[in-house]
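One letter stands for each residue in the lines below.
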Amino acid sequence: MKLNGSEILIECLKREGVKTIFALPGGVVLKIFDMLHQQKDLDVILTRHEQGAGHMAEGYAKATGKAGVCLVTSGPGMTNVITALADAYMDSVPLVCFSGQVPTSLIGNDAFQEADNIGLSRPCTKYNFLVKDVNDLAMTIKEAFYIATTGRPGPVLVDIPKDVSMATTEFVYPTSVSIRGYNPTYDGNKWQIKQAAEAIMKAKKPILYVGGGVVFSGASAELIELAELTQIPVDMTLMGLGAFPGEHQLSLGMLGMHGTYQANMAMHYSDLVIAIGARFDDRVTGKVSEFCPHAKVIHVDIDPTSIRKNIHVDIPIVGDCKTVLRELNQILRASVNGEQKELRKPWWKQIREWEAAHPLSYQQDADGPIKPQYVVKRLYELTKDRDPIVSTDVGQHQMWAAQYFKLAKPNRWLTSGGLGTMGFGFPAAMGAQAAFPGRLVLCIAGDGSIQMNMQEMATAVVSKLPVKIIVLNNRFHGMVRQWQDLFYQGRYASSDLENTPDFVKLAEAYGAVGLRANKVGDLDAVLKEAIAVNGPVIVDVPTYRFENVYPMIPAGGCNHEMILEDPPELKDKQVGAKKVTPDGNDTVLTA
Amino acid sequence: MEHIISVTVENKFGVLSRVAGLFSGRGFNIESLSVAPTLDPSMSQMTIVTSGDDRIIEQIVKHLNKLIDVIKVVDLNESEFVSRETALIKVHTKAEDRAEALRIADIFRANVIDSTPATYTIEVTGDPKKIEAIINLLQPLGIKELTRTGRVAVAREPIRASAVQPKKVARE
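As given, the protein sequences belong to chains A and B, one line each in that order.
Quick note on numbering: the numbering used here labels position 170 of the first sequence as 170, and the sequence is numbered without any gaps.
Here the numbering used here runs 1000 ahead of the position in the second sequence, where the first position is 1.
Here chain A stands alone, though its shape is the one from the complex:
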């Protein structure tokens, strides 16, 4: 069958099981769009910015576990999608991005809309390809999907020059793929797993530290079995939320910079850290030299470079979380007995004491300003029965969402962890919604972050993606303000947004629904109304402007030394600190 390059691309996508692609056209990809226009198997969601296309593909991938696909043009199309590629690379999201390139004869000539796509994307992709010959196209696409979705997943870029997308050749779909330099290890070393089992049996104060690897590997069931079998408490990273049920009695919640008191204390005082699909990020370890000073460390990860990158590991196991946990559980099932539970009783008593001493807390007065934590909590309580998918942007609202929205299952949590990309949440939610049209998809955003990809509201309306955005609106880059409060003597350099757009009117301008909750008493009704709308909604919730996220471990601080509340001198500094013009008038800051 003779096909042109564009038809080969479409044919290969179909055979990879792709249903939806997120795309924005341009000169050198017109042939591909023309062919997409003439077929019915692939849905093309036209985004308003290539960054949006990239994040939508990420959201699609995180919610489905399959590779997300985006298609952009050369030059600025490519440079715009870089942020999404870098985000996907940091968070191990399987993504295949197709970029247009100027015709092969013009490459290197500084042609119109030319960029060195391979050079630009090299440090932020798992691999990238420039296809110079249409005969290599099918094999390249097969390899791209294989690399993106196997081992430690990640983004792969396929750069297609215009002439390659137009040239014709005999289409042969490759049946298999084999790359001699790429053979991820899935099965853990049996001896090491046995060592790990023995260490678990002996440990008095063990802790499970689980990350996004468990989600991508689909190992939640195995993790739950391990935790229940051994009665070991579970700490989750930001990326790992949902890997273990948030309401489970063995869950201590999130750990790290804004983790719960019990999660961080349990890490610090444990005698055995069992890290599964987590990478000892600096937001988790804090000060490396004082990280888990009493613990032996078991580290299960499919990426050997994650092991011993930041901290010393006693029992490294390179392998897929699911495969390794299965094997570990098999050994433990035969050997765990009541003795271990008895052994760990004092440990659990200690953890419950920590939990009781400093639970997550905030104070919501019935007639006071709305507290952001309360919004997340109410949203959680009102929607948990519907098993929603929740996305966030980056900042204070993200941490409150992580603390208070207790996810029961994996693949429900879309957040930008490693790169910390503001503007991620809304397009990611749209990508998940495209994959699951019937599901409730929530985007918890800040008023700073949401403005970074606001243009995608046009996409949501046109492509009928009924995402519900809840804006926790404090008219600040709140996390920046928090750091300025704590470490820069309250000098709010460029963190006060002073005036944010009227999000209700903004939603309406796009043809979406806008709602606002001004009072605590209105909140439930407004949230319920939003959820009932059959279309995209922005709910604007003006919140108390000076709320800070606690607990907090200052960057480079030690994990057991958490700041638990605003220092007493802070309150005086905030109020009256600087003049702002929320309504056009100069006023002194008030609570």
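Do not take every clue at face value.
A few chain B residues that face chain A, going by a derived Cβ cut-off under 8 angstroms, partial list only [to be verified]: (1) GLY1014; (2) LYS1062; (3) ILE1068.
No more than 20 angstroms apart at the CA atoms, straight line, and that leaves these computed lysine to any residue pairs for SDA-like [what the hints assert, rightly or not]: (4) B/LYS1012 - A/ASP133; (5) A/LYS309 - B/ASN1065; (6) B/LYS1066 - A/GLY119; (7) B/LYS1066 - A/ARG122; (8) B/LYS1012 - A/ARG180; (9) A/LYS309 - B/PHE1028.
Distance windows between CB atoms, simulated [unchecked claim]: (10) B/ASP1053 - A/ASP314: 15 to 21 angstroms; (11) A/ASP314 - B/VAL1112: 57 to 63 angstroms; (12) B/THR1149 - A/LYS202: 52 to 58 angstroms; (13) A/LEU30 - B/THR1121: 52 to 58 angstroms; (14) B/THR1149 - A/GLY108: 25 to 31 angstroms; (15) B/LEU1146 - A/GLY108: 28 to 34 angstroms; (16) B/ASP1054 - A/PRO123: 24 to 30 angstroms; (17) B/ASP1053 - A/GLN38: 57 to 63 angstroms; (18) A/GLY108 - B/LEU1102: 45 to 51 angstroms; (19) B/LEU1146 - A/PHE112: 43 to 49 angstroms; (20) A/GLN330 - B/ASP1053: 33 to 39 angstroms; (21) A/LEU106 - B/THR1149: 32 to 38 angstroms; (22) B/GLY1014 - A/GLN489: 47 to 53 angstroms.
Note that these hints are calculated values from the structure, not bench results.
Cβ coordinates follow ideal geometry from the N, Cα and C atoms, glycine included.
For this one, chain A is given, so just place chain B on it according to the hints.
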């Protein structure tokens, strides 16, 4: 500590920049790097001289292995190896220095591969200390140009069958 890492890679465009980008992106050190095709023209052999403590070398080896175009990585310091470097040295020679330049070349078993009335180009091969030594001796005559290949290295073959094989750095 200095390590010599032998890396077998796919012989295709862009591979060198992937390896170089890995070192620069992660702040690893490259002291020298040489690349040439192997017997199998689809593969190239890189010899990278780098330095770092054990933890850094472990990360370098792991990250090299992680690159998709990298087929095999051997840290030669894990066993015995031999290494050589070639230098081409163009020396100014006044009439009274020409005999001295030849004597020095002779002592180091170096070859004169080009000659003009005012210069000799000397080719010398050896370990880095030998290269440094001849450079030091020729310097007073006046070195016009100097180019060095960077080191290439290969593991020593054990004499007895039971002797320790160079430990292949596995992908754990």
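Each hint tested on the structure:
no. : hint                                     : verdict
1   : GLY1014                                  : holds, 6 angstroms
2   : LYS1062                                  : holds, 4 angstroms
3   : ILE1068                                  : holds, 5 angstroms
4   : B/LYS1012 - A/ASP133                     : holds, 15 angstroms
5   : A/LYS309 - B/ASN1065                     : holds, 15 angstroms
6   : B/LYS1066 - A/GLY119                     : holds, 19 angstroms
7   : B/LYS1066 - A/ARG122                     : holds, 14 angstroms
8   : B/LYS1012 - A/ARG180                     : holds, 14 angstroms
9   : A/LYS309 - B/PHE1028                     : holds, 13 angstroms
10  : B/ASP1053 - A/ASP314: 15 to 21 angstroms : holds, 19 angstroms
11  : A/ASP314 - B/VAL1112: 57 to 63 angstroms : holds, 59 angstroms
12  : B/THR1149 - A/LYS202: 52 to 58 angstroms : holds, 54 angstroms
13  : A/LEU30 - B/THR1121: 52 to 58 angstroms  : holds, 56 angstroms
14  : B/THR1149 - A/GLY108: 25 to 31 angstroms : holds, 29 angstroms
15  : B/LEU1146 - A/GLY108: 28 to 34 angstroms : holds, 32 angstroms
16  : B/ASP1054 - A/PRO123: 24 to 30 angstroms : holds, 26 angstroms
17  : B/ASP1053 - A/GLN38: 57 to 63 angstroms  : holds, 59 angstroms
18  : A/GLY108 - B/LEU1102: 45 to 51 angstroms : holds, 47 angstroms
19  : B/LEU1146 - A/PHE112: 43 to 49 angstroms : holds, 44 angstroms
20  : A/GLN330 - B/ASP1053: 33 to 39 angstroms : holds, 38 angstroms
21  : A/LEU106 - B/THR1149: 32 to 38 angstroms : holds, 36 angstroms
22  : B/GLY1014 - A/GLN489: 47 to 53 angstroms : holds, 49 angstroms
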